[in-house]
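**Q** The residues making up each chain are set out below.
Number of protein chains: 2
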Amino acid sequence: MSQTPDPSPAKRDQVPEQLLQDLQQAVLAGDQAWVKSTLESMHPADASDLLEQLPSDAFEATVELLGGELPTEILIELRDEYREDAVEVLSDEAVAEAIDELDSDDATAVLEDLDEDRLERVLDELEPEDRAVLEANLDFEEDSAGRLMQREFLAAPEFWTVGQTIDHAREHADELPTDFYEIYVVDPSNRPLGYVLLSQLLRAARDTKLADMMEAFHSDISVETDQEEIAYQFQKYSLASAPVKDGAGRLIGMITVDDMVHVIQEENTEDLLALSNVSSADGSDTVWESVKARAPWLAINLVTAFIASGIIAMFEGTLDRLVQLAILMPVVAALAGNAGSQGLAVAVRAIAEREMEGSAGRRAVIRETLTGVVNGFIFAAGVGLVSLIWFRDVQLALVISVAMLASFIWAGFSGILVPLMLKRIGADPAVASSVFVLTLTDTMAFFSFLGLATLVLL
Amino acid sequence: MSQTPDPSPAKRDQVPEQLLQDLQQAVLAGDQAWVKSTLESMHPADASDLLEQLPSDAFEATVELLGGELPTEILIELRDEYREDAVEVLSDEAVAEAIDELDSDDATAVLEDLDEDRLERVLDELEPEDRAVLEANLDFEEDSAGRLMQREFLAAPEFWTVGQTIDHAREHADELPTDFYEIYVVDPSNRPLGYVLLSQLLRAARDTKLADMMEAFHSDISVETDQEEIAYQFQKYSLASAPVKDGAGRLIGMITVDDMVHVIQEENTEDLLALSNVSSADGSDTVWESVKARAPWLAINLVTAFIASGIIAMFEGTLDRLVQLAILMPVVAALAGNAGSQGLAVAVRAIAEREMEGSAGRRAVIRETLTGVVNGFIFAAGVGLVSLIWFRDVQLALVISVAMLASFIWAGFSGILVPLMLKRIGADPAVASSVFVLTLTDTMAFFSFLGLATLVLL
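Chain order of the listed sequences is L and D. The first sequence begins at 1 in the working numbering and counts up by one. The second sequence begins at 1 in the working numbering and counts up by one.
These aren't lab readings, by the way, just hints derived from the structure by calculation. Every residue, glycine too, gets a C-beta built ideally from N, C-alpha and C. Mixed in with the good hints there might be a few duds.
Beyond 10 Å from chain L on every Cβ pair, some chain D residues (computed) [unchecked claim]:
1. Asp22
2. Asp57
3. Gly67
4. Glu101
5. Glu120
6. Ala313
7. Glu355
Partial pick of chain D residues on the chain L-facing surface, computed with a CB cut under 10 Å [as the list claims (entries may be wrong)]:
8. Lys36
9. Glu316
10. Val365
11. Arg367
Pairs of lysine to any residue residues, derived as SDA-like cross-links and limited to a Cα-Cα distance of at most 25 Å, are as follows [stated by the list, open to error]:
12. L/Lys209 - L/Ser279
13. L/Lys236 - D/Gln265
14. D/Lys209 - D/Glu224
15. D/Lys292 - D/Glu142
16. D/Lys236 - L/Ala109
17. D/Lys423 - D/Gln235
18. L/Lys423 - L/Leu452
19. L/Lys209 - D/Arg170
20. L/Lys236 - D/Arg170
21. L/Lys292 - L/Ser279
22. L/Lys236 - D/Tyr237
23. L/Lys209 - D/Leu176
24. L/Lys423 - D/Glu267
25. L/Lys236 - D/Lys423
26. L/Lys292 - D/Arg362
27. L/Lys236 - D/Glu270
28. D/Lys36 - L/Glu158
29. L/Lys292 - L/Glu64
30. D/Lys236 - L/Asp106
31. D/Lys236 - D/Ser279
32. D/Lys423 - L/Pro55
33. L/Lys236 - D/Leu20
34. D/Lys292 - D/Glu84
35. D/Lys236 - L/His262
36. L/Lys292 - L/Ser280
37. D/Lys423 - D/Gln395
38. L/Lys209 - D/Glu64
39. D/Lys236 - D/Ser189
40. L/Lys236 - D/Ala58
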């Protein structure tokens with residue numbers, strides 16, 4: 001709590017090479033005090049950035065040197081992979097101590113990375129009541145509200161006044177979460193009735209009843225709600241926080257927008273990587289992790305690529321007589337594949353933003369097919385013209401033009417239909433769809449071009 | 001401000017077909033009162049969803065029917081394209097009235113869509129002081145903090161106590177923004193010194209001085225700061241809101257997290273679409289808008305595809321004698337292209353999350369190249385084996401294996417290097433990079449496979 005802000009916070013994310021070197025030397029020299037005080041003088045997010053810039057052995061040496069002295073706020077700011085590494089290096093007692101200091105959502109995030117034996121040992125170190133809460137949290141599905149929520153929040157009965165609420169907060173200052181944005185008004189059986197924004201409470205007269213100023217909830221989140229749905233509600237209703245209910249509709253926790261920003265980024269990353277056939281990735285991945293995340297998709301692509309080859313092989317005789325076809329066929333496949341990927345990306349995005357419900361989906365299929373028709377005509381003309389100039393063969397130019405048009409329409413149609421079908425059957429429309437779409441467009445491109453050529457040119 | 005929450009808010013985003021039909025009929029019948037009361041009975045976000053589900057002519061008819069009676073909260077919830085459409089239909093007076101009711105950030109968002117003549121006419125309808133504020137906002141660059149910020153916030157001098165601050169808020173209740181999360185403590189020349197969270201103010205004793213409880217800012221945002229940088233600071237420091245300073249370092253506005261969630265989604269969408277060669281997209285796009293957003297990229301791809309054809313044409317003689325090469329060459333190109341896209345997606349994502357600063361970038365180049373080597377060996381073996389079984393030609397299998405390995409290493413290297421170079425020269429690493437990478441991998445695939453075949457098999 002210093003009174004003057006840091007002189008240039010914007011520069012802080014370019015971790016100075018000098019500081020990085022000083023840190024490594026201090027770790028080598030075993031200077032725990034210097035390392036600790038340096039890290040504590042920074043914002044935890046900046047300190048974690050600094051640690052993440054270390055080579056992985058230096059990172060582990062630093063964590064080992066600090067042990068239980070590694071500030072908990074830094075531990076929780078580390079990216080998942082680094083936090084897992086750090087927790088592996090720390091002793092059970094040090095982990096338990098850290099857990100003890102954290103809000104329940106952050107504590108759960110640390111615990112869920114541990115293997116079963118270790119989890120048991122760490123839980124043994126905790127007070128029985130803390131242990132019970134955390135075990136209950138871990139029982140919820142990964143990515144559900146139950147895992148993401150914190151148990152700390154401020155609830156008040158509806159008959160309380162603004163003055164009573166403020167007095168209560170002053171008396172129980174230590175039990176409140178570090179930061180929150182609204183007070184939940186509950187009935188006698190702890191069911192949430194509405195909320196009062198702190199910024200509204202602040203300006204209301206002391207004798208105003210909470211029941212008279214509370215507003216109805218727009219969110220509807222139970223412990224089982226999936227994080228994608230929660231993030232959607234936060235975005236739609238511009239929420240800063242939202243209450244979480246248990247199976248019986250009682251208030252059991254709170255989710256805040258900073259966690260949702262994290263989820264939104266995560267879901268976006270997943271979509272972007274899935275569209276490029278990567279199952280997961282992080283800046284700190286090893287070669288082996290990268291191979292594991294990509295090879296399975298390449299293996300599928302190996303099969304689909306040979307399917308396309310099979311189509312080409314059907315026209316071996318034609319290719320044998322007209323080598324120009326071999327030169328031009330990748331053009332048809334590349335352009336149609338590109339057109340299909342474009343439609344696919346637009347569709348995946350629109351589905352993620354829930355813009356494809358009901359009649360919007362049907363309209364999109366029509367639009368994408370028509371876009372395929374229009375772009376098909378444009379690029380049929382373009383490719384035909386270039387081919388004509390290159391090979392001075394009108395029939396060949398006509399064949400490639402017609403094949404382009406057919407492939408573009410097919411690309412537009414399959415670019416939208418594949419993700420919509422995947423969504424319909426409950427699968428993630430981003431995963432696997434680009435392999436499907438590219439296989440469909442390649443097959444169509446080779447078949448239409450070589451097939452037409454066989455009919456017309458031979 | 002009802003006291004019982006809506007019975008099933010989660011179901012509300014599946015707009016019931018019945019309601020949609022009732023609305024359309026009421027609009028046809030000119031029943032303004034019914035339309036207005038129906039929309040007002042819903043959350044503005046739900047009402048805007050309903051309107052967005054209408055066919056575009058029915059949407060415009062609805063806005064026309066409502067005119068100045070279209071609730072302002074709904075107008076601001078509409079997606080950009082719909083809001084632009086609605087504003088076009090409304091009269092100047094109706095737009096001015098709406099502007100008048102909005103916080104300055106939302107008002108700016110509406111005004112920035114207007115053409116110059118119309119903007120002038122609408123501004124003429126406003127009070128001179130409101131006009132001056134909005135004109136000042138519009139003078140800031142698009143996507144800068146100046147455009148995104150609201151002018152409404154609560155600031156207090158450092159010598160105030162908690163009690164004084166609460167009393168002030170109660171007296172000036174109407175001038176405060178609808179919702180805010182912290183109080184900015186300022187010096188006599190209005191420079192921000194630190195902030196006090198409302199949740200901390202709430203629990204502090206009345207006689208506590210703000211100066212004694214304020215915390216230093218972690219964010220550093222001036223009117224010129226770009227939205228991407230602002231969003232980064234919000235994520236990094238888990239901010240709910242942040243102050244905006246003018247050129248002289250004085251407090252001039254506030255940005256809240258809900259706007260940043262919107263920006264984060266926007267930036268993510270841009271990256272995902274750019275990687276698939278789409279310049280912009282929205283669920284409500286027309287065919288013409290779709291063509292415009294995609295054809296330029298396809299045109300570039302047309303050129304690069306013919307470059308690849310040119311490479312193939314260099315080996316016309318080889319292809320003429322060995323038709324198997326024409327059958328197999330798309331396999332090499334498809335797999336290497338896929339490997340390149342994988343690395344590219346990982347790199348674009350890591351750059352967006354600022355995980356590629358300094359030595360991390362160098363490490364990533366090495367990792368991606370090595371991943372290319374490992375996957376290259378795996379798929380060189382795979383493709384070689386399939387080719388051997390298919391064509392029973394050991395030399396051909398060896399040629400395609402070596403070409404695969406070379407193409408994979410090249411794909412890994414260019415998949416990371418292209419986006420890093422684009423970033424280095426200040427360009428967006430997502431835009432154009434996939435065209436570059438695919439051209440590089442195609443060229444390499446065709447050249448290595450056909451070149452080796454010419455040397456070894458002929």
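**Q** Checking one constraint from the list: CA of lysine 236 of chain L to CA of alanine 58 of chain D, max 25 Å. Satisfied?
**A** Holds, at roughly 23 Å.
**Q** Does glutamate 270 of chain D lie within 25 Å of lysine 236 of chain L when you go C-alpha to C-alpha?
**A** 20 Å, holds
**Q** Would the pair lysine 292 of chain L and arginine 362 of chain D pass a check requiring their Cα atoms to be no farther apart than 25 Å?
**A** The given pair, whose Cα atoms are some 21 Å apart, holds under the 25 Å limit.
**Q** Beyond 10 Å from every chain L Cβ: check whether that's true for glutamate 101 of chain D.
**A** 17 Å, holds
**Q** Just want to verify: aspartate 22 of chain D was marked as not at the interface with chain L; is every Cβ pair farther apart than 10 Å?
**A** Answer for aspartate 22 of chain D: holds, closest chain L Cβ roughly 15 Å.
**Q** Between lysine 236 of chain D and serine 189 of chain D, does the CA-CA distance stay at or below 25 Å?
**A** This hinted pair is violated, its Cα atoms lying about 29 Å apart.
**Q** So glutamate 355 of chain D supposedly isn't at the interface. Is its beta-carbon more than 10 Å from every beta-carbon in chain L?
**A** With a cut-off of 10 Å, glutamate 355 of chain D comes too close to chain L, as the shortest Cβ separation is near 3 Å.
**Q** Below or equal to 25 Å on CA atoms is what counts here, so check lysine 292 of chain D against glutamate 84 of chain D.
**A** Given pair lysine 292 of chain D, glutamate 84 of chain D holds - Cα atoms ~19 Å apart, limit 25 Å.
**Q** Is lysine 292 of chain L within 25 Å of serine 279 of chain L, Cα to Cα?
**A** It holds: about 9 Å lies between the C-alpha atoms, which stays within 25 Å.
**Q** Going straight from one Cα to the other, do lysine 236 of chain D and histidine 262 of chain L come out at no more than 25 Å?
**A** 10 Å, holds
**Q** Hold the hint about valine 365 of chain D up to the distance rule: shortest CB distance to chain L must be less than 10 Å.
**A** 12 Å, violated
**Q** Hint check: lysine 292 of chain L vs glutamate 64 of chain L, CA-CA at most 25 Å. Holds or violated?
**A** Not satisfied, since the Cα-Cα distance of roughly 29 Å exceeds 25 Å.
Checked against the numbered hints given earlier, this structure breaks hints 6, 7, 8, 10, 12, 14, 18, 20, 25, 28, 29, 31, 37, 38, 39; the rest are met.
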